[in-house]
Amino acid sequence: MALMQISEPGMSTAPHQHRLAAGIDLGTTNSLVASVRNGLAEPLADQQGAVILPSVVHFAEQDKVLVGMSAQALALSDPLNTIASAKRVLGRSSQELAAQTKYLPFELEAGHDSVPRIRTRAGGKTAVEVSAQILRCLRQRAEETLGGELTGVVITVPAYFDDSQRQATKDAATLAGLNVFRLLNEPTAAAIAYGLDQAAEGVVVVYDLGGGTFDVSILRLRRGVFEVLATGGDSALGGDDFDQVIVQWLMQELKLDGDLEHQMMRQLMLQARTAKERLSDLEAVEINIEGMGQEALSCTLTRTQFDQLTQPLVKKSLVACRRALRDADITQEDVTEVVLVGGSTRVPAVRDAIEGFFERTAQADIDPDQVVAVGAAIQADLLAGNKPDDELLLLDVIPLSLGLETMGGLVEKVIDRNTTIPVTRAQEFTTYKDGQTAMRIHVLQGERELVSDCRSLAHFDLTGIPPMVAGAAKIRVTFQVDADGLLNVDAEEVNSGVRAQIEVKPSYGLSDNEIEKMLTDSIEYAESDIKARSLREQQVEADRVLEALDTALAKDGAELLKPDEIEKIEQCRQQLADARAQAANVDVIVAAIKALELACEEYVARRMNRSVQGMMQGHKIDEFNN
Amino acid sequence: MSVSLTDSAAERVKTFIEKRGKGVGVRLGVKTTGCSGMAYTIEFADVIEDSDQVFEDQGVTVIIDPKSLLYLSGIELDFTREGLNEGFKFNNPNEKDRCGCGESFTV
Chain A
1 MALMQISEPG MSTAPHQHRL AAGIDLGTTN SLVASVRNGL AEPLADQQGA
51 VILPSVVHFA EQDKVLVGMS AQALALSDPL NTIASAKRVL GRSSQELAAQ
101 TKYLPFELEA GHDSVPRIRT RAGGKTAVEV SAQILRCLRQ RAEETLGGEL
151 TGVVITVPAY FDDSQRQATK DAATLAGLNV FRLLNEPTAA AIAYGLDQAA
201 EGVVVVYDLG GGTFDVSILR LRRGVFEVLA TGGDSALGGD DFDQVIVQWL
251 MQELKLDGDL EHQMMRQLML QARTAKERLS DLEAVEINIE GMGQEALSCT
301 LTRTQFDQLT QPLVKKSLVA CRRALRDADI TQEDVTEVVL VGGSTRVPAV
351 RDAIEGFFER TAQADIDPDQ VVAVGAAIQA DLLAGNKPDD ELLLLDVIPL
401 SLGLETMGGL VEKVIDRNTT IPVTRAQEFT TYKDGQTAMR IHVLQGEREL
451 VSDCRSLAHF DLTGIPPMVA GAAKIRVTFQ VDADGLLNVD AEEVNSGVRA
501 QIEVKPSYGL SDNEIEKMLT DSIEYAESDI KARSLREQQV EADRVLEALD
551 TALAKDGAEL LKPDEIEKIE QCRQQLADAR AQAANVDVIV AAIKALELAC
601 EEYVARRMNR SVQGMMQGHK IDEFNN
Chain B
1 MSVSLTDSAA ERVKTFIEKR GKGVGVRLGV KTTGCSGMAY TIEFADVIED
51 SDQVFEDQGV TVIIDPKSLL YLSGIELDFT REGLNEGFKF NNPNEKDRCG
101 CGESFTV
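Residue numbers (our numbering), protein chains in the order written: chain A, 1 to 626; chain B, 1 to 107.
Derived by calculation from the structure, the hints in this document are not laboratory data.
Incorrect hints may have been included.
[Said to hold, decoys possible] For lysine to aspartate or glutamate, the following EDC-like pairs were computed, each having C-alpha atoms within a straight-line distance of at most 20 Å:
1. B/Lys19 to A/Asp367
2. B/Lys19 to A/Glu8
3. A/Lys255 to A/Glu201
4. A/Lys387 to B/Asp46
5. B/Lys89 to A/Asp543
6. B/Lys89 to B/Asp57
7. B/Lys31 to A/Glu8
8. B/Lys14 to A/Asp241
9. A/Lys315 to A/Asp367
10. A/Lys555 to A/Asp543
11. B/Lys89 to A/Glu143
12. B/Lys31 to B/Asp52
13. A/Lys387 to B/Glu18
14. A/Lys568 to A/Glu547
15. B/Lys22 to A/Glu8
16. B/Lys22 to A/Glu42
17. B/Lys19 to A/Glu42
With the hints as extra help, turn the sequences into a complete structure.
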């Protein structure tokens, strides 16, 4: 039978409806995938038990593709077809890369459109395609381990990634056949892994010293949402630099000259890295170098020596931290938590320096290589719906504004775009005509002012409104968007309690391109939209005035007005009706409304007197005195 | 009326509850759904209802509601590994047939 995992109370799924989800840390050097099983978020290992997948892709003969360790093994023998660090060009244009002087570990093909292609024997490959290979490999591992297809994943990206880099990450996921629940900032993922999102408020510093890059991020937590205050770092500072200083020291100590053979150099690098890792636990290590054709060399490196050697590197990272604090406009005292990410934070001297700098103990219980993937997995589990509702954490926003149609084909926005969900907003509307007993609610999505330019989501009718004069009914329309982006619209006439409601899925059927087009259109047509809106508004106002006048004239016009007065009013009425029908100019309509109001001034006064008289008839003046 | 756990299942349940940080035991159940009519459920238990039957085996508290117990009497909970996947397995003497995928069963 199928193997089962323990669910949270009440969250068992029906057969074949497992909501399998995973978090993916798509790193520059290494990638990993994690998932929540039996209530625990853990990285998933491959057949050999290795959790970390080197972010290396090798394009072999006959369209064969190797990913991970096996690809990395070919980095020396076939460097040009072995692609590492593709993340550095992900979502970047050729022009951007040309401006960047930094060394890239592969060759780019010239003369392509804006998307740079990496030259391989299998043809030009984009960073998106290379990343997709890595994601496909992780997907396969996750599906084999979890025993089913993934419902969706959360992929982490650096906090400084811009829109096109984020889009490229999503494209790579689509290419790998993955459904992306959400992209999550790497530092946010690390904070979530430590459950820091459960706190009410705070400022979290995430210090991420990886193999080749250093990032520091300052996050502010407010009502369960992390906001990135500042990011900083050094894209050329990492654990590899620590290895490098040991290599240099070794060469000095062992009196090796600067021009070493390749193999010797590799051996030195390997020994340096091992020594660094062992010094996290030991006070001193002995390093033995097998001499090439000469006798074996050996020396001892103590932790104190190592700390001295690497001190400039640690200092460099602290300078970046200080700068990030300044950018975020906060001081060390404002920081409530410090989180360590990246294998190099295992170095005791690094940890001591950070804790000294921020004057507090850093969070480091979770393996710093895995913490980002673990946080992503926790988030993915929540988004897949495997947790009770009250534990839901949400960082999502709605992509386009939601609103409803008002008189004259105008859109009244109820929830603005970029509002974090879940959200509930209510607005009050009223009836337009005397005795109106029903109202049609038309729900729309988009940024434009007119109904015809927005996307219609749903219609429904609120009926049974008790007959009242226009404007007396109070209709409260509530828009509620839940965690999945599902919109629920509820309309209620407040006095009588009659109500109606409908549920819609706002983003259904809208591709990212369409959403983007709707956004750019709204900017492009902003001016003409405003004009169209004010014209419609005046037309609606004209209709209202005409309607009210006609009702009044039919009721008591003949009694209160002399024939020539009626004629004068009729004249102005006609002018307004014409101006409204031509609908050419806002000012003409406004002027016609004003003229009509002026013509009716006396009539209005007489009607007022009459109704006051009517009210007072049969009463004594004294009764009105209090 | 008995319920038992294999050594590996007992050990895993204990670890998972400990790491989760709360929970009085594990709740086994049967849901009427799936292609062969019924499906097993396994959840962490935070509360024990009055009507629940509570079993102890190898230091693990197993909770079963009375309706599910009709189908689960004599069950053995196992924890095994199949390839990369690992998880819990129900060995049920009452079970007569299963759907092809093994996610639901009939008694």
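Checked hints:
Between the alpha carbons of B/Lys19 and A/Asp367 the distance comes to roughly 16 Å, so the proposed pair stays at or under 20 Å and holds. With a C-alpha separation of about 13 Å, the suggested pair B/Lys19 and A/Glu8 falls inside the 20 Å cut-off, and the hint holds. A C-alpha spacing of about 55 Å is found between A/Lys255 and A/Glu201, which places the hinted pair above 20 Å, so the restraint is violated. Restraint check for A/Lys387 and B/Asp46: the C-alpha separation of about 14 Å stays at or below 20 Å, so the hint holds.
Under the criterion of a C-alpha separation no larger than 20 Å, the hint pairing B/Lys89 with A/Asp543 is inconsistent with the structure, at around 72 Å. With a C-alpha separation of about 16 Å, the suggested pair B/Lys89 and B/Asp57 falls inside the 20 Å cut-off, and the hint holds. Taken as a hint, the B/Lys31 and A/Glu8 pair is honoured in the structure, with Cα atoms around 15 Å apart against an allowance of 20 Å. Simply put, B/Lys14 and A/Asp241 have alpha-carbon atoms about 43 Å apart, too far for the 20 Å limit, and the pair is violated.
Restraint check for A/Lys315 and A/Asp367: the C-alpha separation of about 23 Å exceeds 20 Å, so the hint is violated. Taking the CA atoms of A/Lys555 and A/Asp543, the gap is about 18 Å. The hint holds against a cut of 20 Å. Only pairs whose Cα atoms come within 20 Å are accepted, and B/Lys89 paired with A/Glu143 is accepted, the gap being roughly 19 Å. Distance hint between B/Lys31 and B/Asp52 is fulfilled; the C-alpha atoms sit about 16 Å from each other, no more than 20 Å.
Straight-line distance between C-alpha atoms of A/Lys387 and B/Glu18 comes to about 18 Å, which keeps the hinted pair within the 20 Å bound. This hinted pair checks out: A/Lys568 and A/Glu547 have alpha carbons roughly 17 Å apart, not beyond 20 Å. Under the criterion of a C-alpha separation no larger than 20 Å, the hint pairing B/Lys22 with A/Glu8 is consistent with the structure, at around 11 Å. With a CA separation close to 18 Å, the supplied pair B/Lys22 and A/Glu42 stays within the 20 Å bound.
For the given pair, B/Lys19 sits about 12 Å from A/Glu42 by alpha-carbon distance, which is consistent with the 20 Å threshold.
Violated hints, in rising order: 3, 5, 8 and 9; the structure is consistent with all others.
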